[in-house]
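**Q** Numbered per the numbering used here, the sequence shown spans residues 178 to 344.
Hint data in this document are derived by calculation from the structure and do not stem from the laboratory. A hint or two may mislead.
To be verified - Computed cross-link-like contacts, DMTMM-like style, restricted to lysine to aspartate or glutamate with a CA-CA straight-line distance of at most 25 Å: (1) Lys342 - Asp187; (2) Lys298 - Glu235; (3) Lys251 - Glu313; (4) Lys298 - Glu325; (5) Lys298 - Glu226; (6) Lys248 - Asp233; (7) Lys298 - Glu322; (8) Lys251 - Asp301; (9) Lys267 - Glu291; (10) Lys250 - Glu293; (11) Lys248 - Glu291; (12) Lys248 - Glu293; (13) Lys335 - Glu313; (14) Lys304 - Glu325; (15) Lys332 - Glu226; (16) Lys298 - Asp233; (17) Lys338 - Asp190; (18) Lys213 - Glu322; (19) Lys342 - Asp301; (20) Lys298 - Asp190; (21) Lys321 - Asp190; (22) Lys321 - Asp301; (23) Lys335 - Asp234; (24) Lys304 - Glu293; (25) Lys332 - Glu322; (26) Lys321 - Asp187; (27) Lys250 - Asp187; (28) Lys213 - Asp301; (29) Lys267 - Glu235; (30) Lys251 - Glu291; (31) Lys213 - Glu325; (32) Lys321 - Glu293; (33) Lys342 - Glu319; (34) Lys267 - Asp257; (35) Lys267 - Asp301; (36) Lys329 - Glu319; (37) Lys251 - Asp234; (38) Lys267 - Glu293.
Given the structure is predicted, the values throughout are model-derived calculations rather than measurements.
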Amino acid sequence: MDSKLNQLEDSYDIVIAGFGPVGQFCSNIFNRYGIKVGAIEVYSNIYPEPRSISIDDEIQRLISNLGLWNKFKKNIVALDFADLIFPNGKVVIRGPVTSTSNGFPFVTTFYQPELESILIKNLDGSKCTDIFLGHEIINFREGKETIEISTKNLKSNKLLKIRTKYL
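When you get a sec, could you build the whole thing from the sequences and use the hints?
**A** So this is what it looks like as C-alpha cells:
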C-alpha cells in the first residue's frame, strides 16, 4: 500500500516498525484516539501460523476495550486448569483457572492468526492508519522535531521517505 507514500509527502504522529500482534494492537489503540499512524512491515502478508497460543486477562480486557470481544471470544478456549511445569516435564503446581477482578480468566488459549485478522480488519477504512506491507526501514535520522525515515518497497525496490514525530 504505497499509494500515499511519496517522498516526504506523508507524515505521521507515530510510525510503528513491525506489524505483528503488538504493532496491530498499538495501531488499533492509536487509531481509536485519532492519532495518525504509519505501520511498516517487512512481510507482504501476515504470518499464517500461530506463534503464540495463550493470552492473559489484560490482553482480553484490551480486546474488549477495542470493541472486538464479541468477534474474538469465538476464538478462545477457556481452560479449567493451568500447570507450571519444569523443563524436565515435572508439574510443579496445578491450579484452577479463575476469573480476575476485570472479569476475564487469567489465561486462555487462542488461535493467533485469527486475532491478527480481527485486529487488521478493524483498521480497514481507517483515516488515521496506513499499513505498508512489504516495506522495510533502511535508515532513520532524528531532527529537532521530526524523524525522517527511509524505507524500501521490497517488491519494486523503490526508496521512499516519510516523517514522524515518534518511531
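**Q** Taking the hints in turn, state whether each one holds.
**A** Evaluated hints:
1. Lys342 - Asp187: holds (12 Å)
2. Lys298 - Glu235: At roughly 21 Å apart (the allowed maximum being 25 Å), Glu235 and Lys298 satisfy the hint.
3. Lys251 - Glu313: The hint is violated at about 34 Å.
4. Lys298 - Glu325: violated (29 Å)
5. Lys298 - Glu226: holds (18 Å)
6. Lys248 - Asp233: holds (17 Å)
7. Lys298 - Glu322: violated (32 Å)
8. Lys251 - Asp301: holds (21 Å)
9. Lys267 - Glu291: violated (32 Å)
10. Lys250 - Glu293: holds (14 Å)
11. Lys248 - Glu291: holds (10 Å)
12. Lys248 - Glu293: Within the cut-off at roughly 12 Å; holds.
13. Lys335 - Glu313: Measuring from Cα to Cα gives roughly 11 Å; hence the hint holds.
14. Lys304 - Glu325: holds (22 Å)
15. Lys332 - Glu226: holds (23 Å)
16. Lys298 - Asp233: holds (22 Å)
17. Lys338 - Asp190: holds (15 Å)
18. Lys213 - Glu322: Holds - the C-alpha atoms of Glu322 and Lys213 are around 16 Å apart, at most 25 Å.
19. Lys342 - Asp301: holds (23 Å)
20. Lys298 - Asp190: Since the Cα atoms of Lys298 and Asp190 sit roughly 22 Å apart, the hinted pair holds (cutoff 25 Å).
21. Lys321 - Asp190: holds (15 Å)
22. Lys321 - Asp301: Answer violated: Lys321 to Asp301 is near 33 Å, above 25 Å.
23. Lys335 - Asp234: Roughly 42 Å separates the two Cα atoms, so the pair is violated.
24. Lys304 - Glu293: holds (20 Å)
25. Lys332 - Glu322: Violated - the C-alpha atoms of Glu322 and Lys332 are around 31 Å apart, more than 25 Å.
26. Lys321 - Asp187: holds (18 Å)
27. Lys250 - Asp187: Given pair Lys250, Asp187 is violated - Cα atoms ~37 Å apart, limit 25 Å.
28. Lys213 - Asp301: Since the Cα atoms of Lys213 and Asp301 sit roughly 14 Å apart, the hinted pair holds (cutoff 25 Å).
29. Lys267 - Glu235: At roughly 28 Å apart (the allowed maximum being 25 Å), Glu235 and Lys267 break the hint.
30. Lys251 - Glu291: The given pair, whose Cα atoms are some 10 Å apart, holds under the 25 Å limit.
31. Lys213 - Glu325: Since the Cα atoms of Lys213 and Glu325 sit roughly 16 Å apart, the hinted pair holds (cutoff 25 Å).
32. Lys321 - Glu293: Violated, at roughly 35 Å.
33. Lys342 - Glu319: With Cα atoms ~9 Å apart, Lys342 and Glu319 stay inside 25 Å; holds.
34. Lys267 - Asp257: This hinted pair holds, its Cα atoms lying about 19 Å apart.
35. Lys267 - Asp301: Violated: Lys267 and Asp301 sit about 46 Å apart, past 25 Å.
36. Lys329 - Glu319: The given pair, whose Cα atoms are some 18 Å apart, holds under the 25 Å limit.
37. Lys251 - Asp234: holds (16 Å)
38. Lys267 - Glu293: At roughly 33 Å apart (the allowed maximum being 25 Å), Glu293 and Lys267 break the hint.
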